[in-house]
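Construct all of the structure, not just a fragment, from the sequences and the given hints.
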Amino acid sequence: MIEIDVRGLACPIPVIRTKKALDEMQEGEILTIVDNPASKENVMRLARAYGCQIKVEPAGEDFRLTITRRRT
Amino acid sequence: MKKANWPVWLSGTVLLTGASLGVLAAFLVRWGNPGNMGICVACFLRDIAGGLGFHRAAGVQYIRPEIMGIILGAFVAAFLAKEFRPTGGSSTLLRFILGMFSMTGALVFLGCPVRMALRLSGGDLNAILGVGGFASGIYLGVIFLRRGFTLGRSGSAGKSNGIILPTIMLGLFLLLIARPAFIFFSEKGPGSQYAPVLLSFIAGLLIGGLAQRSRFCLVGGIRDFILIGNPYLFFGLMALIASGTLTNLFLGQFHLGFSDQPVAHQAHLWNFLGMMLVGVCGVLLGGCPLRQLILAGEGNVDSTFVVLGMLAGAALAHNFDLASSPRGPTTYGQIAVIALLLFALLIGIKEKVA
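Chains as they are written, first to last, in the numbering used here: chain B, 1 to 72; chain E, 1001 to 1354.
Do not take every clue at face value.
[Said to hold, decoys possible] Quick look at which bits of chain B chain E covers, simulated, 3 or more residues with Cβ under 8 angstroms:
{"hint": "1", "region": "11 to 21"}
{"hint": "2", "region": "44 to 52"}
[Stated by the list, open to error] Pairs of lysine-lysine residues, derived as DSSO-like cross-links and limited to a Cα-Cα distance of at most 27 angstroms, are as follows:
{"hint": "3", "chain 1": "E", "residue 1": "K1082", "chain 2": "B", "residue 2": "K55"}
{"hint": "4", "chain 1": "E", "residue 1": "K1350", "chain 2": "B", "residue 2": "K20"}
{"hint": "5", "chain 1": "B", "residue 1": "K40", "chain 2": "B", "residue 2": "K19"}
{"hint": "6", "chain 1": "E", "residue 1": "K1159", "chain 2": "B", "residue 2": "K40"}
{"hint": "7", "chain 1": "B", "residue 1": "K19", "chain 2": "E", "residue 2": "K1352"}
{"hint": "8", "chain 1": "B", "residue 1": "K55", "chain 2": "B", "residue 2": "K40"}
{"hint": "9", "chain 1": "B", "residue 1": "K20", "chain 2": "B", "residue 2": "K55"}
{"hint": "10", "chain 1": "E", "residue 1": "K1082", "chain 2": "B", "residue 2": "K40"}
{"hint": "11", "chain 1": "E", "residue 1": "K1352", "chain 2": "B", "residue 2": "K20"}
{"hint": "12", "chain 1": "E", "residue 1": "K1352", "chain 2": "B", "residue 2": "K40"}
{"hint": "13", "chain 1": "E", "residue 1": "K1159", "chain 2": "E", "residue 2": "K1082"}
{"hint": "14", "chain 1": "B", "residue 1": "K20", "chain 2": "B", "residue 2": "K40"}
{"hint": "15", "chain 1": "E", "residue 1": "K1159", "chain 2": "B", "residue 2": "K19"}
{"hint": "16", "chain 1": "B", "residue 1": "K55", "chain 2": "B", "residue 2": "K19"}
Worth flagging that the hints you see were computed from the coordinates, not collected in a lab.
The beta-carbon is built from N, C-alpha and C at its ideal position, and this holds for glycine as well.
Rendered as structure tokens:
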């Protein structure tokens, strides 16, 4: 599992870093940690656009997004 | 690689925000605001700077209640959605400076990105040059983002940090109602043209609330489209232009052409370069001037400093004769735009904090 901690980073960096990881993998899991709802929505939208499964867990003021990419 | 397929049906609230903004802005003009200036974050902050006496350009002094409404609307919406959260500490000084840069560019063009779209929907073809410049500036910003540009991480800030700007907005509203002698009100010019206070304030509240919920952003609209093909925020810009045009046609406020446009000039190069500066600064700051107001309302101290930087930039732009007038840009304004563009590019190249 690749972990991407983008807490405190402004729009659109959470999306850029998650996209980079998605583009570099065929299949696997990415954990993106964000600290605001706008970034959460943006990363979720990205994952959906890639046809990935996504699981969101609130963790205090942060959100932990687990993205699963399967080989197509 | 599988092609990204964006779930566009999610864009409901952003479409609603853009459409409401276009309609409300056209009606604000009908109710008394200057032509094609129903809403303009740059012009209105500039008017507030004038009202407070930070600059003495007699024609552009008024405490614009739309700004107070937008910030307070975002504050209330964020609070109700449990999204109000004071944060800060990411290159605060650089953000203040970039806010000043952005304001200078906007005042050379004569409008923030929102007014750029509104000018277009009023038939002002000069705004096309603005759109071209804005998109080019964003494109440059995207290059920096791809190279790893960031202004660094922010962290949690004490609760009181987040309520300072909303409190200042309430204070400004009281000053507008009480009209004490030390506040300046234009007797002529754009500053003397305004819609009834309550209508302006309520329109601002609606726009602020909607924009907070939808994350509406005009820089984001073009940036996300270029960067990753995400059209979500881009629809907001389209909705704004479409609804603004239709409402202006309906109200008889649509006048197609380059000449005789309200609060606009025809120096194409400077319209282009002014908005280019706004575009590149917008990407570096993570959002357009309207988005900065919204984030500031949510408790973001870094965005609050962008807003304060825009206020300071507006004062300087008029004190140093950088702002354009309907006669065209000034020589100082032209020098400033070129110099600040170079500085902004340097910041874009240099800043890569982890």
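**Request:** Given the hint that K20/B pairs with K55/B, test it: the Cα-Cα distance must not exceed 27 angstroms.
**Result:** 19 angstroms, holds
**Prompt:** According to a criterion of three or more residues whose C-beta lies within less than 8 angstroms of a C-beta of chain E, is the region 11 to 21 of chain B covered?
**Reply:** Since 6 is at least three, the answer is holds.
**Prompt:** Is K1082/E close enough to K40/B, meaning Cα to Cα at most 27 angstroms?
**Reply:** 15 angstroms, holds
**Prompt:** For the region 44 to 52 of chain B, do three or more residues have a beta carbon lying closer than 8 angstroms to a beta carbon of chain E?
**Reply:** Contact hint for the region 44 to 52 of chain B vs chain E: holds, 6 residues under 8 angstroms.
**Prompt:** Regarding the pair K55/B and K40/B, is the alpha-carbon distance no greater than 27 angstroms?
**Reply:** 11 angstroms, holds
**Request:** Given the hint that K1352/E pairs with K40/B, test it: the Cα-Cα distance must not exceed 27 angstroms.
**Result:** 23 angstroms, holds
**Message:** With the threshold set at 27 angstroms, check whether the alpha-carbon distance from K55/B to K19/B stays at or below it.
**Reply:** 16 angstroms, holds
**Request:** Would you mind confirming whether the straight-line C-alpha gap from K1350/E to K20/B stays at or under 27 angstroms?
**Result:** 21 angstroms, holds
**Item:** Pair hint outcome, K40/B versus K19/B [Cα-Cα no greater than 27 angstroms]
**Value:** 14 angstroms, holds
**Prompt:** Given the hint that K1159/E pairs with K1082/E, does the C-alpha gap stay at or below 27 angstroms?
**Reply:** 14 angstroms, holds
**Message:** Hinted pair, alpha-carbon criterion (27 angstroms max): K19/B, K1352/E. Please report holds or violated.
**Reply:** 19 angstroms, holds
**Prompt:** Between K1082/E and K55/B, does the CA-CA distance stay at or below 27 angstroms?
**Reply:** 21 angstroms, holds
In terms of the numbered hints stated before, the structure departs from hint 15 and from no other.
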